[in-house]
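Engineer: Sequence:
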Amino acid sequence: TPLNAGNVNRFGLQADAMAKLKFKIVAVPPNANLGELRIVPDLSSKNWDEETKELIQNLGFTYELRTPDDERITDETIVEGLPIASQLPLAAAIANISNTILVLTFSEIRVIPDFSSKNWNEETKELIQDRGISYELRTPDGTLITDEETAEGSPITGQTPETGTFVNTTSALLVLTVTI
1 TPLNAGNVNR FGLQADAMAK LKFKIVAVPP NANLGELRIV PDLSSKNWDE ETKELIQNLG
61 FTYELRTPDD ERITDETIVE GLPIASQLPL AAAIANISNT ILVLTFSEIR VIPDFSSKNW
121 NEETKELIQD RGISYELRTP DGTLITDEET AEGSPITGQT PETGTFVNTT SALLVLTVTI
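Here the working numbering is used: the first residue of the sequence shown is 1, the next is one more, and so on.
Note that these hints are calculated values from the structure, not bench results.
Errors might be hidden in some of the hints.
Distance ranges between label pairs, derived from CB positions [as the list claims (entries may be wrong)]: (1) Glu-162 x Pro-68: 39 to 49 angstroms; (2) Pro-30 x Leu-173: 53 to 63 angstroms; (3) Val-111 x Glu-136: 18 to 28 angstroms; (4) Leu-37 x Ser-116: 28 to 38 angstroms; (5) Arg-38 x Met-18: 49 to 59 angstroms; (6) Leu-59 x Pro-155: 44 to 54 angstroms; (7) Met-18 x Leu-55: 58 to 68 angstroms.
Below, in silico cross-link-like pairs of lysine to aspartate or glutamate (EDC-like), each with a Cα-Cα straight-line distance of 20 angstroms or less [what the hints assert, rightly or not]: (8) Lys-118 x Glu-149; (9) Lys-46 x Glu-76; (10) Lys-53 x Glu-108; (11) Lys-46 x Glu-36.
By construction, the Cβ of each residue, glycine as well, lies at the ideal position given by its N, Cα and C atoms.
Kindly generate the complete structure, drawing on both the sequences and the hints.
Structural biologist: Have a look at this one:
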């Protein structure tokens, strides 16, 4: 029972207490993969170049380059000098290099869709504009179509670049051949 200090002095009570603790110190073995843990660098402020690539490789990570639509970019030359728009895992995360792939996204890179089965209309135009790709319409003989309304509903019979080509939206021009 707790003792009131006033009672101890008035009645001359004394209380001696002792506690005996037993414990054992046991060494905890370190994580077997501790040597493979790394802090993920912040790459969102960097451009893709040899220096950035070396940084990733020196830390022991593997990487994938992707478009905003999550298509894998296999030709690294197309992103040379472009800013990295995002990364996964995020910067400062602790990741295991043996099973972590850094996914870097480049917002300027897009894949050219297949227009061969489409007609020229607002839906097709929106598909191109949503990807941020510049375009022009031409007749089969190569004449530039300046009034898009004249091509409305006409079949698209050709395209350059080809379907599946990765392009940099800041410099690419999609040329669609429309048979009027």
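Engineer: Look at each hint and say if it fits the structure.
Structural biologist: Quick rundown of the hints versus the structure:
With their beta carbons about 21 angstroms apart, Glu-162 and Pro-68 fall outside the hinted range of 39 to 49 angstroms. Taken as a hint, the range 53 to 63 angstroms holds for the pair Pro-30 and Leu-173, whose Cβ atoms sit roughly 57 angstroms apart. Range check, Val-111 to Glu-136: about 19 angstroms between beta-carbon atoms, so the 18 to 28 angstroms window is met. For the hinted restraint 28 to 38 angstroms between Leu-37 and Ser-116, the CB-CB distance of approximately 49 angstroms leaves it violated.
For Arg-38 and Met-18, the hinted distance range of 49 to 59 angstroms is satisfied, since their beta carbons lie about 50 angstroms from each other. With their beta carbons about 51 angstroms apart, Leu-59 and Pro-155 fall inside the hinted range of 44 to 54 angstroms. Taken as a hint, the range 58 to 68 angstroms holds for the pair Met-18 and Leu-55, whose Cβ atoms sit roughly 60 angstroms apart. Restraint check for Lys-118 and Glu-149: the C-alpha separation of about 16 angstroms stays at or below 20 angstroms, so the hint holds.
Taking the CA atoms of Lys-46 and Glu-76, the gap is about 15 angstroms. The hint holds against a cut of 20 angstroms. This hinted pair checks out: Lys-53 and Glu-108 have alpha carbons roughly 19 angstroms apart, not beyond 20 angstroms. For the suggested pair Lys-46 and Glu-36, the alpha carbons sit about 24 angstroms apart, so the restraint of at most 20 angstroms is broken.
The structure fails hints 1, 4, 11 (numbered hints given earlier, in ascending order).
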